[in-house]
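K.L.:
One letter stands for each residue in the lines below.
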Amino acid sequence: MTGGPRGGVPILRLGDVLVTGLLNELDDKSVIAFTEELTERIVDDRAHGVLIDISRLELIDSFVARTLMELTTTARLLGARVVVAGMRPAVAITLVELGLQLSGVETTLNAEQGMRALGWEKAPAPPTGRGIS
Amino acid sequence: MTHEIRAEEDLLSARHAVREATLHAGFGLVDQTRIVTAASELARNAYVHGGGGTLVIESVRRSGRQGLRLSVSDDGPGIADLDAAFTDGYTTGAGLGHGLGGARRLMDEFDVTSAPGRGTTVTAVRWNGPR
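Here the protein sequences line up with chains H and P, keeping their order.
Sequential numbering of the first sequence, starting at 0, is according to numbering that gives the first Met the number 0.
Sequential numbering of the second sequence, starting at 0, is according to numbering that gives the first Met the number 0.
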């Protein structure tokens, strides 16, 4: 792991957007290390957007929910917008029953929609000449 | 099956064990997620507030219905005000304070035994099939 990402999760940069994800097998310490690293990367890479793919996450408990909410707030204070993409339906149902709404966290159905929300358009551009209003 | 919760990595293995048990009991995906999430909340409570404890996973059966019972015990300081502990937003440590009340909503039966200085035991059951 020497030299690898501290939280065990790669963080990629595409233009001014950081792309990363959360995995099932992260313990609490790794989740905290991941958010610290991501926060530093926002500053170092001058990122304006962060996409966190959670499509592989089979569980969001109150700890992970709180971490995502705090990360979103921290990123916003640093001028970056966080989009959490790909939540599984069973996870969404459980979160609501748990009483957590991930307030303030922007979510999209999948990573593609998340990237679009962050200003990335799929190439080639749509054939119609109309811009997206 | 008894699982010790003494270190942070034990939270992960407890989750694995509960997931296995829900699969074995034939629970659907949403119920699996509910039960494992409740187990995660309870195990973390025992670890963070109780200084560690044990998780017992049992298969239960009543009137032909299959269920899963989780019992999480710790020898921590106990909970002085149980009503307050169930209130969303109440927390005595790191967390949102949704742990106990949230876990109760995810399970069908939920029972807490606690007294100051005597530790806490939470027993929770989820039944397979319509509620």
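These are computed hints drawn from the structure, not numbers from a lab.
Since the model is a prediction, treat every value here as computed from it, not as a measurement.
No residue lacks a Cβ here, since even glycine has one placed at the ideal position from N, Cα and C.
One or more of the hints may lead you astray.
To be verified - With a Cα cut of at most 20 angstroms, we get these calculated EDC-like pairs of lysine to aspartate or glutamate:
{"no.": "1", "chain 1": "H", "residue 1": "LYS121", "chain 2": "H", "residue 2": "ASP15"}
{"no.": "2", "chain 1": "H", "residue 1": "LYS28", "chain 2": "P", "residue 2": "GLU108"}
{"no.": "3", "chain 1": "H", "residue 1": "LYS121", "chain 2": "H", "residue 2": "GLU96"}
{"no.": "4", "chain 1": "H", "residue 1": "LYS28", "chain 2": "H", "residue 2": "GLU69"}
{"no.": "5", "chain 1": "H", "residue 1": "LYS28", "chain 2": "P", "residue 2": "GLU3"}
{"no.": "6", "chain 1": "H", "residue 1": "LYS28", "chain 2": "P", "residue 2": "GLU7"}
{"no.": "7", "chain 1": "H", "residue 1": "LYS28", "chain 2": "H", "residue 2": "GLU39"}
{"no.": "8", "chain 1": "H", "residue 1": "LYS28", "chain 2": "H", "residue 2": "ASP44"}
What the hints assert, rightly or not - From the structure, some residues in chain P lie toward chain H, with a derived Cβ separation under 7 angstroms:
{"no.": "9", "residue": "GLU3"}
{"no.": "10", "residue": "GLU8"}
{"no.": "11", "residue": "LEU11"}
{"no.": "12", "residue": "SER39"}
{"no.": "13", "residue": "SER62"}
{"no.": "14", "residue": "GLY75"}
{"no.": "15", "residue": "GLU108"}
K.L.:
Taking the hints in turn, state whether each one holds.
P.N.:
Going down the list of hints, with the structure as the test:
no.	hint	verdict
1	LYS121(H) / ASP15(H)	holds, 16 angstroms
2	LYS28(H) / GLU108(P)	violated, 31 angstroms
3	LYS121(H) / GLU96(H)	violated, 35 angstroms
4	LYS28(H) / GLU69(H)	holds, 15 angstroms
5	LYS28(H) / GLU3(P)	holds, 19 angstroms
6	LYS28(H) / GLU7(P)	holds, 8 angstroms
7	LYS28(H) / GLU39(H)	holds, 17 angstroms
8	LYS28(H) / ASP44(H)	violated, 24 angstroms
9	GLU3	violated, 16 angstroms
10	GLU8	holds, 6 angstroms
11	LEU11	holds, 5 angstroms
12	SER39	holds, 4 angstroms
13	SER62	violated, 25 angstroms
14	GLY75	violated, 18 angstroms
15	GLU108	violated, 15 angstroms
Hints 2, 3, 8, 9, 13, 14 and 15, counting from the list given before, are not met by this structure.
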